[in-house]
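Number of protein chains: 4
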Amino acid sequence: MSFNSFGQLFRFTTWGESHGPAIGCVVDGTPPLIPLAEPDIQHWLERRKPGQSRFTTQRRESDTVRILSGVFEGVTTGTPISLMIENEDQRSKDYSEIKDRFRPGHADYTYWAKYGIRDHRGGGRSSARETASRVAAGAIARKVLAHILGPSVVIRGALVQIGRQPIDRNRWRWEAVEQNPFWCPDPETVPIWETELDAVRKAGSSTGAVIEVIASGVPAGLGAPIYGKLDADLASAMMSVNAVKGVEIGAGFAAAALSGESNADEMTMEGGKVAFRSNQAGGILGGISTGQDIVVRFAVKPTSSILTPRHSVTTDGREVDVSTRGRHDPCVGIRAVPVGEAMMACVLADHLLRHRGQVGG
Amino acid sequence: MSFNSFGQLFRFTTWGESHGPAIGCVVDGTPPLIPLAEPDIQHWLERRKPGQSRFTTQRRESDTVRILSGVFEGVTTGTPISLMIENEDQRSKDYSEIKDRFRPGHADYTYWAKYGIRDHRGGGRSSARETASRVAAGAIARKVLAHILGPSVVIRGALVQIGRQPIDRNRWRWEAVEQNPFWCPDPETVPIWETELDAVRKAGSSTGAVIEVIASGVPAGLGAPIYGKLDADLASAMMSVNAVKGVEIGAGFAAAALSGESNADEMTMEGGKVAFRSNQAGGILGGISTGQDIVVRFAVKPTSSILTPRHSVTTDGREVDVSTRGRHDPCVGIRAVPVGEAMMACVLADHLLRHRGQVGG
Amino acid sequence: MSFNSFGQLFRFTTWGESHGPAIGCVVDGTPPLIPLAEPDIQHWLERRKPGQSRFTTQRRESDTVRILSGVFEGVTTGTPISLMIENEDQRSKDYSEIKDRFRPGHADYTYWAKYGIRDHRGGGRSSARETASRVAAGAIARKVLAHILGPSVVIRGALVQIGRQPIDRNRWRWEAVEQNPFWCPDPETVPIWETELDAVRKAGSSTGAVIEVIASGVPAGLGAPIYGKLDADLASAMMSVNAVKGVEIGAGFAAAALSGESNADEMTMEGGKVAFRSNQAGGILGGISTGQDIVVRFAVKPTSSILTPRHSVTTDGREVDVSTRGRHDPCVGIRAVPVGEAMMACVLADHLLRHRGQVGG
Amino acid sequence: MSFNSFGQLFRFTTWGESHGPAIGCVVDGTPPLIPLAEPDIQHWLERRKPGQSRFTTQRRESDTVRILSGVFEGVTTGTPISLMIENEDQRSKDYSEIKDRFRPGHADYTYWAKYGIRDHRGGGRSSARETASRVAAGAIARKVLAHILGPSVVIRGALVQIGRQPIDRNRWRWEAVEQNPFWCPDPETVPIWETELDAVRKAGSSTGAVIEVIASGVPAGLGAPIYGKLDADLASAMMSVNAVKGVEIGAGFAAAALSGESNADEMTMEGGKVAFRSNQAGGILGGISTGQDIVVRFAVKPTSSILTPRHSVTTDGREVDVSTRGRHDPCVGIRAVPVGEAMMACVLADHLLRHRGQVGG
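Chains as they are written, first to last, in numbering that gives the first Met the number 0: chain A, 0 to 360; chain B, 0 to 360; chain C, 0 to 360; chain D, 0 to 360.
Treat the hints as calculated values from the structure; they're not laboratory data.
The structure presented is a predicted model; accordingly, all values stated were derived computationally and were not measured.
A portion of the hints provided could be inaccurate.
What the hints assert, rightly or not - Distance condition first, Cα-Cα at most 25 Å in a straight line; then the derived PhoX-like pairs of lysine-lysine:
#, chain 1, residue 1, chain 2, residue 2
1, A, 98, B, 98
2, A, 48, A, 142
3, B, 98, A, 272
4, D, 98, C, 272
5, C, 98, D, 98
Unchecked claim - Partial selection, computed: residues in chain D whose CB lies under 8 Å from chain A:
#, residue
6, 3
7, 19
8, 21
9, 27
10, 69
11, 73
12, 74
13, 78
14, 116
15, 118
16, 124
17, 171
We put the beta carbon where it would ideally sit given N, CA and C, even for glycine.
Only chain A is shown next, with the shape it has when bound in the complex:
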């Protein structure tokens, strides 16, 4: 069962609530003898950390990770790696007034409907804070990929749309991604988004986004035919991230409008190797990697916590208006970029180990 675990051979289990003492995860299945220390993980957590620009939540968390097991004298041992991040800036009082009200767009009502109880403080288990554990697990997954495949595997994400404004893909420059607070690969779109998001933030509103994650250097042959498909696992991985409402691979939904001629990527030989003339498939055919870039996009809905009062109900059936003060991201999609990268890394590490088990090599 997999209520709170993800993956098969490379498998992590996360735990923790937004305002409990800590959050964390147990990463099982990491091969032995891979150098690993806390800074390797901290590096990626820094990228996801809140409060780094005026466009993300002002919650202050150092997000300091501790390795509690599975590493000995600087290398992994093959035993489970337990990671813990203490919650520091909990300010539970911020949330007392929404204790008995269901915030529209949040998981408040559904948790209550399912369990008859919910930890309302900051969304409890449904808080995006859980994604820090994913990023930590993803850092280890990257180590696994590099250990087995060498440095050729590169996993990178970018924000390709905020609200109605997409980037211009012709201007895509990976170097740009690290140079603005949006992970935007198109420098000319940055000021447009800034203006837009400032307006959204001042209005107490929020907006959605689309993230694209690309893995380069993945060998052909990862995945499995039917229910262990690489794309099915990527779809599950991305859809499990908070606020995600859609996932697509390669041409994605646009493939519906293509002809068979333009959709099917032609093959050719290049330097003795199979090459493709296009990548509508997003690097996956029949659930198995082709050796091309693996391209995944996912849509994040607008942050549900907004200042504008919205109609809702209480746990005892009264109608109320709810507006969320607290500290929130005007566009939660921004911080989803490193999370998407991490999930890509975890899926690939898992499939790499599964492939090695089933086929060898």
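Start from chain A and add chains B, C and D according to the hints.
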């Protein structure tokens, strides 16, 4: 592991190749004492069956299912239900000429890259023929849902886009779906699609489609918070169907362009029960059902088998042109409608049993 | 979940009832390019087949296996292998009189208590007939082991006790095992067992047995530290076989009476390799193989179907006497030898693939 | 996969090494609204804690458990419960001299053979210290059982043999178990064991033991037919405990010597309910509970750490003598009693939830 199995408590395992002696599946976890006979399954297989109009493949298969175990004196016993469908119209000779060539857009190359061997006849394991097993499992899943929840649960699918032409959602009529060869809910779009598809078929080309599946009457509370999310499982389910390149829930990718105000579905009380004023969420919040309609859409790429020659390579590294004669669907998305319904039924049945196990009731 | 499936990377799912149309299994996770044909499996099924001597049930089954998928042009393809064995000698009428009565020692009452229904014909799903599927899966597991490790791995089983009469281990000769109807490795014990079992059979009674299965040539390092221990999986494997009530590894229960000095196997170097001076551990330490012989023993209770009337109750709560006519083994343990071998092979194949996935090599 | 996880619907994942900063576990699948606080878990940890008599290791650990997630306002929420126990008395220097030598009977060599590295300090991951996590998970499992089934379920363990000396079962008194340092149910055997163990301890040797765990009040119907058998899961659970070499249910290995008449428990009606005249089956038939006491026994080998020098080898292939100073249990089986109880509780809680999911009620 789940290479060829899907689900947890309601779990099916499929087997079989397009041109082997038979295909089938083992459905495990069906509760006992549910009336079940072959016609209950055959009914749904008929809907998926090829050769029913000029817009689907002319392969002739009676697709007759046999129940080999798990049913005694007309009811399920709780033991695994083995289903088998014999392959009748195998015509393996059709495929001999593509034995050593990789058809663009197909899984030929990736299977070969992974396994070093592939059953090339009709795509072997990667053939859409495998989806007959899904439909059969889905028929049992529907029985499980009806047995536990009563007749209120209704799962229906429709084709909402072929090529560039979407339906007009304002004209949506469920009755229309059964009255045309496209599962089209908008009667006025039917002749447009007919004209378009006839042209595509005559050109030896193909086109993609978008399918929408809706489950009504699902109670609030199904799903699980993080990695057992109902929407993550639906994404995995739909993405595992042949040729699917994108999946979305509720507003889906369009949610990226919404404001927080228009996205977050307001709640109200109706007749003493929680109700929603809109359904952008597609019936799922935080991975758990809200009690509203569950709405999933998925995009199917154009059939990769086309008459137009496409550039490709052979298993021994020569460049060749490939055109697929055989019998093929100009729009494989049409026959994906009953498959999408079946996967929805299987996911819901699984989550219903999981919910019952974890929370009771 | 694993109600009817066993294993992780090498995983099989069985289905079928004693008196349904057929039984079978789906074997998933077999690596590609392993030569496999029906006779490879049939060979091992012959050893388990009933009716081969007066000491086993006279039910006549040819137990002919068919491969329905997963093999192409004589080799495995990496896709699931579906195996089917038709039930021929069903004689359901034999069982009509026990339809409403719970046979003591059988699973009649517990199935009924769990499911509210049972296929009473020949025990339905709880019949030892299911073990034919295990033997078939085990035949493929042996192929996997030989393919990866070469011919050095040898898995052999023997009966080491019938009733109160154990063999003399000093007379153990593997050649003898195939030369008597008991798989007895000690020729001098054979006539004693014959006399004993003839008496048991004539009295309409039954007796239990102990089976030992040994795997030689297994490399060190298979298994996993805590809940994926090789010995824990072997214990689960053997205990899941019908009528088994105990499992032990190496010295087993006798280890309780040993001193630390006599129990801990000393190590030494032999020809540059680690060797052991004894094998109390049965080839497993900390859940991981040592490279020594893996030694498992399991106890099988006496056949519960006996002629002597036994007190019991009916489904509607009346007290009755039950005696089982039908055709039965006076010592069901005899036919458990090939089943135990098969389960050993399946566990080892699974762990070999898991090891390869997690550690490589 | 289940390298470090146990169970399906009630599932726990343990982590941590003997001499790392902490150990712990994540318990997933606990139903909501069950009162739970740290003392509920601490109570059972106290029973397992080392250093409570001269017959167990003198390592000093307060074994204080912290709940880090999954509990809100005193009750479970249905989300994963993370438990952590800090390691206090680590004394790593004790172990430096065995860094490069494989201690006979320990998992030193096998971890090294598998992973190419081992945390040698106190056995690292293979230390019995991991069982504290099991006891903690078991405490939650007991809560689940009581919550769903009421207080009728009682799980108790006892030591029934040390070395060659078994108890006299006619003198079994459960009250006695808590009144001696051995969990011995037979007061007259206590002084015999004291004398024996004092001698063993003074000789720097060790001895094995047999533990029996009994669960009363378990309803009929828990378990599953074939590979989810209750007894197979119990066998796996007990065999996964450190140093266990054998597991048996009910009559166990003695069943091999019984006749069919004496083995098959006769049934009768008592007060309108099915009752049994004996319990050779140990409460399980066909893998499903009968409603009788569930009876499991397991054998623990003698502690491998002994003062007497034993022959062994080093990581670089030299022959050496190894004697283990450190602090050790002369009979590690004693502290296995609460561990066995905990595993019984976990298996039953898991099967209870699985039954509820699959069959309802």
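Check your understanding: Hint numbers the structure violates, sorted upward?
Key -> 1, 5, 11 and 17
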